[in-house]
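J.: Each chain is listed here by its residues.
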Amino acid sequence: MVAAALELDGLKKSFGKAEIIRGVDLSIAKGERHAIIGPNGAGKSTLFNLITGRFPQTSGHVRLHGEDLAGLAPFEINRKGLSRSFQITNIFPKMSVFENVRCSLLWSMGYKYNFWSMVGRSRELNEGADAILEQINLTGRRDLPAGVLSYAEQRALEIGITIAGGADVIMLDEPTAGMSHSETDYIVDLIRKVTEDRTLVVVEHDMGVVFGLADRISVLVYGEIIATGTPPDVRANPKVQEAYLGAALEAEH
Amino acid sequence: MTNAELKTDPAKPAQRMRAGTLITGWMPWVIAAIVLILLPVVFQERSAITIMNQMAITVIFALAYNMLLGQGGMLSFGHAVYAGVGGFACMHIMNATEFFGSFPLPVLPIFGGLVGMGLAMIVGSFSTRNAGTVFAMISLGVGELIAACSIIIVAFFGGEEGISGDRTYAQPFFGVEFLQQIEVYYLIAAWLLISALLMYLWTRTPMGRMANAVRDNPERAEFLGYSARWVRFYSFVASGFFAGISGALFAINYEILTEENLNATSSGLILLVTFLGGVGFFFGPIIGAVVFTLVQTVLSLETDLWALYAGALFVATVMYFPGGLAGLLMMHVPAIRLGKGSLLVMPYIKTLIPAGIGILGVCGLVEMLFHLRHGSGDEMTLFWTTFDSHSVVPWLVFAAIAVVGIGIARRTAPDLKDAWNEANTPPKGAL
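Listed in order, the protein sequences are those of chains W and U. FYI, the numbering used here numbers position 183 of the first sequence as 183, with every residue one higher than the one before it. FYI, the numbering used here numbers position 253 of the second sequence as 253, with every residue one higher than the one before it.
Each hint should be verified, as a subset may be incorrect.
Said to hold, decoys possible - In silico DSBU-like cross-links for lysine-lysine, where the CA-CA straight-line distance does not exceed 30 angstroms:
1) Lys-94(W) x Lys-340(U)
2) Lys-80(W) x Lys-193(W)
3) Lys-94(W) x Lys-30(W)
4) Lys-112(W) x Lys-80(W)
5) Lys-94(W) x Lys-417(U)
6) Lys-112(W) x Lys-94(W)
Stated by the list, open to error - Distance ranges between label pairs, derived from CB positions:
7) Arg-373(U) x Lys-94(W): 44 to 52 angstroms
8) Asn-137(W) x Glu-219(U): 19 to 27 angstroms
9) Leu-144(W) x Phe-387(U): 56 to 64 angstroms
10) Glu-161(U) x Lys-94(W): 40 to 48 angstroms
11) His-181(W) x Leu-328(U): 38 to 46 angstroms
12) Pro-93(W) x Pro-414(U): 31 to 39 angstroms
13) Phe-15(W) x Ala-413(U): 25 to 33 angstroms
14) His-181(W) x Glu-219(U): 24 to 32 angstroms
15) Ala-3(W) x Ile-110(U): 46 to 54 angstroms
16) Phe-99(U) x Leu-144(W): 48 to 56 angstroms
Please keep in mind that the hints were generated in silico from the structure rather than gathered at the bench. Positions of the beta carbon are idealized from the N, C-alpha and C atoms, including for glycine.
Using the sequences and the accompanying hints, generate a full structural model.
T.: Here it is, written out as structure tokens:
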């Protein structure tokens with residue numbers, strides 16, 4: 001059997017006595033678009049941070065393509081092909097947009113801690129960075145400092161940075177948070193475009209986005225996954241309706 | 001964003017950049033080389049060459065320091081030790097007559113660099129784990145530790161007298177024995193050019209780019225596959241290397257090193273120099289080192305209070321121009337690109353000249369106060385005039401100059417502000 005792209009096995013995390021993630025089992029297949037939803041404080045971001053090595057887990061395992069990630073630092077996990085974005089925009093504000101993307105290409109193009117070649121001279125690197133700018137529609141903003149872009153543009157840049165390294169598992173933490181409807185549509189199209197043939201794990205509040213984008217959905221409530229399935233299954237699940245969806249859908253209409 | 005940038009063909013970015021580096025990339029270096037060659041022809045006095053040597057050494061050190069501060073986001077309070085220890089090592093090499101006689105003097109700075117680098121590797125292995133306050137405190141602690149060692153480990157640091165040597169024992173370099181100050185100048189100038197070029201090229205490498213990324217956002221850099229710690233470590237080691245080179249040049253130039261080359265004052269001074277010049281641009285520390293060395297040497301001949309003025313200049317820069325002198329210069333680039341730079345000339349003259357005269361008036365008052373308290377006798381000479389600092393008239397004169405000068409500057413400042421806004425407004429329809 002082919003190993004799942006991402007597999008969580010009895011994952012737990014406590015901060016002191018507070019148990020935030022209380023045993024999560026989840027298997028995400030290669031090429032799947034998987035959304036994690038849940039009410040505020042359910043532990044979605046914490047789960048993200050556990051998977052990407054930002055915090056150490058209390059117990060359990062995270063496996064990327066069957067390989068246990070325990071004890072690895074974020075940069076080591078990234079080198080294994082997992083890349084993430086952040087809920088709060090997390091770019092390099094003083095560097096130009098182009099430079100942001102180029103930096104995110106360096107490791108995957110094998111430059112490592114190289115201090116003898118000129119980044120300006122590598123056609124592969126510069127054209128690669130420009131191709132990504134094209135993909136995220138920021139070519140016109142190429143030479144501006146990233147910090148002066150609009151919020152939606154910064155989010156798009158963040159997605160660009162996240163996908164640039166060629167990671168095959170992409171994790172996006174609330175990519176449309178705080179956006180207007182048109183901006184949301186723009187970002188969702190972008191996500192769909194750039195994650196083609198990759199595994200996507202996304203945490204999202206906006207139900208429209210989730211049901212439009214995801215192949216499968218997991219519902220996280222108080223640190224436990226109460227349901228996993230296709231969007232119609234999840235929508236029909238009485239437990240989910242009780243815990244979360246009903247309230248959220250009501251609020252939306 | 002200028003229009004020129006928008007109009008360039010986005011389909012061929014790589015070619016465009018390559019052409020850009022060829023034309024604009026090398027010109028500043030060629031000009032710098034010519035200037036360095038011609039400087040001693042223009043300024044032939046011995047004292048001028050002494051000042052230029054000191055300037056060049058400070059430039060290298062400040063550029064090395066800015067690899068940490070400006071590019072890596074690491075604030076060090078103890079960077080003098082890497083220059084100092086590199087210099088001390090070179091002094092010992094100079095005194096190891098047989099070994100020193102086996103190679104020409106211009107090679108010596110490499111040893112200084114390697115020693116500075118070695119020390120940076122040891123210290124960096126634990127200090128670069130974090131940036132920010134932790135790094136700053138470790139740098140301060142290690143700096144003090146090594147400065148304290150200079151009195152304890154007399155064999156290496158020579159105690160309070162320091163150690164001295166003779167650079168002329170090296171193998172002659174194409175017949176040059178570096179007896180003359182001018183010969184030393186060209187040695188230092190050559191190393192300045194090489195070091196500055198290498199440090200500039202470093203900023204264009206993947207390491208240099210990632211140093212910026214880690215400075216801006218270490219966590220994001222980690223999620224791009226780079227360990228923020230290792231990026232900081234490599235920057236730190238490279239900075240230690242160039243600091244060591246500056247220390248070695250100090251050893252060659254002065255032929256003596258003491259505890260002063262290691263202590264917190266020297267470390268603080270280089271922070272001041274770098275910040276004054278501006279950490280945001282590569283050439284910032286160069287301006288800072290040139291201006292500061294001039295203040296330190298030329299102004300100190302004129303007045304005992306030079307450090308006060310240097311301090312005031314520093315505080316004013318930090319408060320009003322956080323980008324430093326380089327930032328101040330670069331602020332004018334948008335206006336010049338718009339072709340409106342000339343709009344600023346008259347308002348600048350109208351504001352800056354009265355302001356300058358007013359500030360000189362204030363300086364006059366300060367000098368008189370100093371003379372009154374600490375001077376000997378009643379006579380003092382200031383601005384080529386001799387007068388009695390105990391009489392009322394000169395006080396009134398200087399106070400009047402200060403009030404009128406600054407008063408006029410305050411009057412004309414709003415016009416300058418309007419001119420500034422006008423000069424930075426693109427013509428209508430261009431956006």
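J.: Does each hint fit the structure? Answer for all of them.
T.: To see whether the hints hold, each was checked on the structure:
At roughly 27 angstroms between alpha-carbon atoms, Lys-94(W) and Lys-340(U) fall within 30 angstroms of each other, so this suggested pair holds. Taken as a hint, the Lys-80(W) and Lys-193(W) pair is honoured in the structure, with Cα atoms around 23 angstroms apart against an allowance of 30 angstroms. Between Lys-94(W) and Lys-30(W), the direct Cα distance comes to roughly 36 angstroms. Violation of the 30 angstroms bound is thereby established for this hinted pair. Straight-line distance between C-alpha atoms of Lys-112(W) and Lys-80(W) comes to about 14 angstroms, which keeps the hinted pair within the 30 angstroms bound.
Under the criterion of a C-alpha separation no larger than 30 angstroms, the hint pairing Lys-94(W) with Lys-417(U) is consistent with the structure, at around 26 angstroms. For the hint linking Lys-112(W) to Lys-94(W), the alpha-carbon distance of about 22 angstroms falls within 30 angstroms, and the restraint holds. One distance hint, 44 to 52 angstroms for the beta-carbon pair Arg-373(U) and Lys-94(W), holds here, with the actual separation near 47 angstroms. Roughly 26 angstroms separates the CB atoms of Asn-137(W) and Glu-219(U), a value that falls within the hinted 19 to 27 angstroms.
Leu-144(W) and Phe-387(U) have their C-beta atoms about 57 angstroms apart, which keeps the hinted 56 to 64 angstroms range intact. Range check, Glu-161(U) to Lys-94(W): about 46 angstroms between beta-carbon atoms, so the 40 to 48 angstroms window is met. Between His-181(W) and Leu-328(U) the beta carbons are some 44 angstroms apart, a value that agrees with the proposed interval 38 to 46 angstroms. Taken as a hint, the range 31 to 39 angstroms holds for the pair Pro-93(W) and Pro-414(U), whose Cβ atoms sit roughly 33 angstroms apart.
At about 55 angstroms, the beta-carbon gap between Phe-15(W) and Ala-413(U) misses the expected band of 25 to 33 angstroms. The beta-carbon spacing between His-181(W) and Glu-219(U), approximately 31 angstroms, falls within the hinted interval of 24 to 32 angstroms. Range check, Ala-3(W) to Ile-110(U): about 52 angstroms between beta-carbon atoms, so the 46 to 54 angstroms window is met. At about 55 angstroms, the CB distance of Phe-99(U) to Leu-144(W) agrees with the hint of 48 to 56 angstroms.
Hint violations for this structure: numbers 3, 13, all remaining hints satisfied.
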